[in-house]
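*Asks:* Assemble chain B onto chain A, guided by the hints.
Protein chains: 2
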Amino acid sequence: MSPLRAITLSEVAIHDSFWSPRIDVNREFTLPIEYEQLKKTGRIDAWKLRWKKGQPNPPHPFWDSDLAKWLESVAYSLMTRPDKRLERRADQVIELIHRAQQADGYLNTHFIQVRLQERWTNLRDDHELYCAGHLMEAAVAYQQATGKTRFLEVLCRYADHIDKVFGPRKGQLKGYPGHEEIELALVKLFRATQEERYLDLARFFIDERGGSPHYFDQEARKRGDPRKVEYSYYQAHSPVREQKDAVGHAVRACYLYAGMADVAMETEDPSLMKACKMLWNSIELKRMYITGGIGSTHHGERFTEDYDLPNEEAYAETCASIALVFFAHRMLQAEKDSKYADVLERALYNGVITGVSLDGKGFFYGNPLAAHPSAKGILPHVLQPQRQPWFGCACCPPNIARLIASLGNYIYGRKGKELYLHLYVGSSVLQTFPGGPVRIRQTTQYPWKESVVVDIATETPQSFTLAFRLPGWCRNPKIRLNGKSVALNPITGKGYAKIHRRWKNGDRVKLFFPMPVERVESHPLVRHNAGRIALQRGPIVYCLEEEDNGKNLYDLRLARASRITASFKKDLLGGIVVLRAKARRRDLSTWKNDLYQVQSTKLIPARILAIPYAVRANRSVGEMIVWIQEDPGGKK
Amino acid sequence: MSPLRAITLSEVAIHDSFWSPRIDVNREFTLPIEYEQLKKTGRIDAWKLRWKKGQPNPPHPFWDSDLAKWLESVAYSLMTRPDKRLERRADQVIELIHRAQQADGYLNTHFIQVRLQERWTNLRDDHELYCAGHLMEAAVAYQQATGKTRFLEVLCRYADHIDKVFGPRKGQLKGYPGHEEIELALVKLFRATQEERYLDLARFFIDERGGSPHYFDQEARKRGDPRKVEYSYYQAHSPVREQKDAVGHAVRACYLYAGMADVAMETEDPSLMKACKMLWNSIELKRMYITGGIGSTHHGERFTEDYDLPNEEAYAETCASIALVFFAHRMLQAEKDSKYADVLERALYNGVITGVSLDGKGFFYGNPLAAHPSAKGILPHVLQPQRQPWFGCACCPPNIARLIASLGNYIYGRKGKELYLHLYVGSSVLQTFPGGPVRIRQTTQYPWKESVVVDIATETPQSFTLAFRLPGWCRNPKIRLNGKSVALNPITGKGYAKIHRRWKNGDRVKLFFPMPVERVESHPLVRHNAGRIALQRGPIVYCLEEEDNGKNLYDLRLARASRITASFKKDLLGGIVVLRAKARRRDLSTWKNDLYQVQSTKLIPARILAIPYAVRANRSVGEMIVWIQEDPGGKK
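In the order they appear, the protein sequences are chains A and B.
Taking this note's numbering, the leading residue of the first sequence gets 1, the next gets one more, and so forth.
Taking this note's numbering, the leading residue of the second sequence gets 1, the next gets one more, and so forth.
Some hints could be false.
One copy or any two copies: either way a pair holds, since identical chains are not told apart in the list.
Here are the simulated EDC-like pairs of lysine to aspartate or glutamate, each with C-alpha atoms no more than 16 Å apart in a straight line [to be verified]: (1) 286 x 594; (2) 174 x 200; (3) 339 x 594; (4) 415 x 337; (5) 551 x 308; (6) 174 x 571; (7) 551 x 306; (8) 53 x 548.
Note that these hints are calculated values from the structure, not bench results.
Isolated chain A (complex conformation) (with noise of 0.2 Å):
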């Protein structure tokens, strides 16, 4: 295995009239308004330790992980965008928690504020290596945005004292967590600081779990708690190895997956990348929605069975699709195919960006894939059709803000001397190689429109590979280089095109991916979605709106013959192109009042108009819909 290296983000400067708006609101507003709901719902209170036994509003278990990816959003910006009050108030914050650490390196608030005694009992439930986890992202996180190393040494205590705590040897505890991150998190921490004890003991975890006699089982018989559960949930059924489809909480999957990845390819272990790819393909191939929306249902927020992706009922917790990009990035990186790329890239265009309102100040925790007012009576809170400000357990707001602060990690890849672009963002990246520096920037509008221009400055020419994405949903991609077509076939490996030559200053590569307005179907076992097709255009999938196309976009019917036109709307949500063509519905003034009668009703003509997924909801409550029903019977 000789994985790509992430190029990070404190190398990438992003200029993109898609994202850096995005980039900008998150920083401008997201951030802010989420500070403020910590501040006010407790969660940075809780690092002072004054809470006291019968006083309201104790500290939860999840709270410390909600701060933790706030502040690792904080440095995620920092990088891109110094801010000397933003830094002021992450180092008070990084300041309680410093404060807060037990003697023995113990951090967590609830625990020390609720029941001291209880430390690492209930792994299964408790959240506390899950907390454990995300203080150590941001914690690498902000040592790499600031230079300031106290947040990082404070979490490598806490990882010293679960690396007594848990491990092999005798007197240590065998288990591994019912939330997974920390795994993921402690190869982090060991790639900041080399210490391969981290190595290991994320390995640990990784190997112990689904072990038998079940930890799970054991720890609950010393509790007394007599409760069965569902391994399946915690991904803990059976040793990971042996693991062959995506279960249980789709947020702890991809969580344990991406950390799976990490390690096989930290430790070159062939049979933990081999049940990682098995995995994916779980995923990919039976279990996502066209969205990259993964967890089809509220009810755990978890995997369901393969092709089981019902719609309005769909959870798709946005947390999930940040999972999935988590894991889709470890796998690109280690198998340096763009199947994976196509898949985040998927995930983050719709599934993921839709979790926030373009204002950044609103968000959806599920994301059906159909919504209707009607539905809303039997909906849990997640799942209103309106967003929402904040939620109780307020996960996903937090997530989506770090995912989005740290884009510049994912668009490209570095492997000796071979330079990946996997995503087409307009950017630049300032690389060495052995003759010196080189920027290579692309200039695009992806992805509205279907050319990247890829320049290249550097002082002396130099000689190395230039890797360009060939996205899997694009059918006929040309390249050109210095004006000239560039034969893709011999080139191409993996859905990659590699141009190796001695690069000179302002060589020039030209990538052209037409986008056609494709109508997708699903595989014919996805039974929510027969008769149904989707539009995608480019990495886009689109939606219809009531405030666009009246009520009732059920009955709407899309001939396959219909001609469907793309075009720019400037001053429509931020900028998007949208989608119309002619479709057909029921003449609805002909029908009686009956609510079933013998069929009679005619088709009328209808037009449509089709907006991004990935903006919905940003304006009125109403009706959506991304599965369209198909109208074979229908003309031009």
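*Replies:* Chain B only, in chain A's frame:
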């Protein structure tokens, strides 16, 4: 108002190829196994009042109602088929009930043993009046069946007690039940005893409902219960005469509406009948499945919104369809309009009897209109795709038993010299007119065959009217009297063709109701059925099962032009008419591994075989659908 009188069970003899086997199985298998379940679960021994605090399995607040419905079923069964052993068993149980009655008349196994001091303190949640109502219904039926008065006397004492506790006078509670049922039961008790106080009490409960200040809040305050509830769940959000939509728990709703219709008829209250009609329309025109199922969601077993009729997630509780039959029957008697009989028949032949297996031993609580094994994991127990021998909340099995045992109640109606034929069931009824008794006999293989023969036997010719229901599903009914065609137009009103004449012995009416297979579509606002049709022949709604059609039923497409043939299969599922047609489905063999692909699949020929929904799930457990995708592009 001059309502029809229902002709009671004891006057009707059923000899019907469709129903007699169901009634026999109900008597021979369902009633005995239900007795065993009642015994095994403690519902009979509870009446011995031996349970003491701290013992396991305390009598549950619902239990009395389950036993009561079994006793009522036994009573109906004895009316048409005496059975000494069964009667002795019932007598023994009734003796226990008699002995359990408290000195003041109170009678409830849960409260007497578990929390005597809390009687009548939580009408909203505690089901006391509900259980009382079911016991009253059973007692009335048992007296009618056997002539024995003890059970009725016990329940009159209980009703007298309730009449003292509740009422408009000072010191009386101004409450009403959270689970309605006693309203219609008190009207039965009034009819059986002619005691006006019972009718007054029924009216009191109905009139008080939803008043302000709200009784549920008042009693909750007294209990120190701060919980806020949604009144509409209990149909208590406004006075009943102001209610327009059928809302809340569907069984409670229809029990209430049936009681309202009873009271409106008995007291000649047009404002109450007007409310009944409004609520009826809400159900019939906006909130009812094609099977006569009602209550779209298992979250609260309730009505949701207009046109919200999901299929796989449908609740459509068996009890709710039975309650709809009760409501329909009252409305039919009040209005003498066949539209009520149409819904009664729809529910009875589809949504009700699907709740019990052909062998009488397996039950459905929820009756979704589509089933898929992959949904199993997230469905509650009561919505599992395989039939169950019993339920913890066991309302449905004895409810369906009493309905099947009392089928004879629903076939005919009488008003003065008019005899109504509501349902076409092989049966004979003896009616006395001024000139003496007349026997009217139906011979038919309805619902499989299209003709019904009605023969008149009378010693002397007599003048009276026979009112034949012209089923709403039938577009071209024909009637011949003694071989001669009868012009329907001049004699038809409100869906009944009335033949008034001097009937003589040997007169024969032949009814002919053509039963082409109909493609039924839903109102365009029923989003779940957009682009789909259901097959119906006569009153029978069809479904596709995996057993006959293979997997992936959702992907089958039936062209509008495809010919559908109907044929009787004697040996299948007790003898049914099956439907066959050519259809199409996507070619799975050409599908690549992907979950999504640009539309390219071809449709290949397939064949479908549909069976009545009522007999679904009597073979293997698998997929099932009612609403079939339409293939507007398909050929014959």
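*Asks:* The structure should be examined with respect to each hint, and the outcome stated for every one.
*Replies:* Results of checking the hints against the structure:
no.	hint	in the structure
1	286 x 594	between (40 Å within a copy, 8 Å between copies)
2	174 x 200	within (13 Å within a copy, 71 Å between copies)
3	339 x 594	between (50 Å within a copy, 11 Å between copies)
4	415 x 337	within (13 Å within a copy, 81 Å between copies)
5	551 x 308	between (27 Å within a copy, 14 Å between copies)
6	174 x 571	neither (57 Å within a copy, 61 Å between copies)
7	551 x 306	between (32 Å within a copy, 14 Å between copies)
8	53 x 548	neither (53 Å within a copy, 63 Å between copies)
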